[in-house]
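My request is simple: use the sequences and hints to build the entire structure.
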Amino acid sequence: MAARGSSSSSSSSSRPYQLIVFGASGFTGRFVVEEVARSSAEVPGGKLVWAIAGRSRDKLEKVLQEAAQQLGKPELQSEVEIIVADVSEPDSLAAMCKLGHVILNCVGPYRFYGEPVVKACVENGAHCVDISGEPQFLESMQLNYDGAAAEGGVYIVGSCGFDSIPADMGVIYTRDQFKGTLTAVESFLTASSGPEGGCIHDGTWQSAVYGMADSDKLKSLRKKFNHKPLPVVGAKIKRRSALFYSNEIQQYSIPFMGSDPSVVKRTQRYLSEEHQQTPVQYGAYAGVGGISSVIKLLFAGLIFSL
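Residue numbers (this note's numbering): 9 to 314.
FYI, nobody ran anything at the bench for these hints, they're computed from the structure.
Keep in mind that the hints are not guaranteed to be accurate.
Label-pair distances were calculated between CB atoms; the ranges are [unchecked claim]:
(1) V165 <-> F186: 21 to 27 angstroms
(2) Q73 <-> L238: 49 to 55 angstroms
(3) F170 <-> L238: 23 to 29 angstroms
(4) V92 <-> T189: 49 to 55 angstroms
(5) M265 <-> R46: 28 to 34 angstroms
Calculated lysine to aspartate or glutamate pairs in the EDC-like style (CA-CA distance at most 16 angstroms, straight line) [to be verified]:
(6) K55 <-> E87
(7) K236 <-> E281
(8) K106 <-> E89
(9) K81 <-> E42
(10) K273 <-> E194
(11) K246 <-> E194
(12) K127 <-> E147
(13) K232 <-> E147
(14) K106 <-> E131
For each residue, glycine too, the CB sits at the ideal point set by N, CA and C.
Structure representation (structure tokens):
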């Protein structure tokens, strides 16, 4: 969702912080705090003025302490302010949003905890950035808040993490480098783990489980946009089966179940309708490995469906 025509109240000089990291003591929030602290001096025009926020002051203080030790920056504990805010307390979210130009929301799963933050940002003139990989949340926020966000000059920018910057920017980069008119892109995700194996974070797991369970609701949600089909330029991309062998990556693959298709397709619609650019068709897939991995996947799917 993008602001169109209005100047945001978030530009007010009364807001002391350029950035507030909300959910800073969570699994992802800790990494975000460390990265912001590492790059805060690289902001054009001077050093970034920022704060962290969450439910527990004690946990937030510990996060700053750990980041200070990790980066060798003891000044973090005195320079970075702490704001106590909770998604279950709207007044605390409103107070937080009035203090910052941009709220970077790391609190998930977003289908449960994301909307109160978006609502508070829109109502109080703060831009909102998140790392959601949940199509239903992303598209419902667009449906419910795009008009109010545009009127208030507020930007709500979702999926600013691995979901789905590589896919979205990758398609745009490919289009810009392509000699001719790019009409279709397929992306393949492969993952490798170290000797200790791999794992899935609980929040990511919950997002996947509820996303699959609510797939019918997502279809109903999309009908509410009443979009006209985008023009297809060139050959229509063929949708691959639920399980297939990919010659491109030399392993069995399945459709990617994250937010990449949703994000890329919405970007292409925007570029087509607002900037008259040729829309790029897109398909996203994930490699699952060899035949032994396929057997494990089928077994996991059987257990999951019980």
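For each hint, the structure was consulted:
| no. | hint | verdict |
| --- | --- | --- |
| 1 | V165 <-> F186: 21 to 27 angstroms | holds (26 angstroms) |
| 2 | Q73 <-> L238: 49 to 55 angstroms | holds (50 angstroms) |
| 3 | F170 <-> L238: 23 to 29 angstroms | holds (26 angstroms) |
| 4 | V92 <-> T189: 49 to 55 angstroms | holds (52 angstroms) |
| 5 | M265 <-> R46: 28 to 34 angstroms | holds (32 angstroms) |
| 6 | K55 <-> E87 | holds (11 angstroms) |
| 7 | K236 <-> E281 | holds (10 angstroms) |
| 8 | K106 <-> E89 | holds (15 angstroms) |
| 9 | K81 <-> E42 | holds (11 angstroms) |
| 10 | K273 <-> E194 | holds (12 angstroms) |
| 11 | K246 <-> E194 | holds (10 angstroms) |
| 12 | K127 <-> E147 | holds (14 angstroms) |
| 13 | K232 <-> E147 | holds (10 angstroms) |
| 14 | K106 <-> E131 | holds (9 angstroms) |
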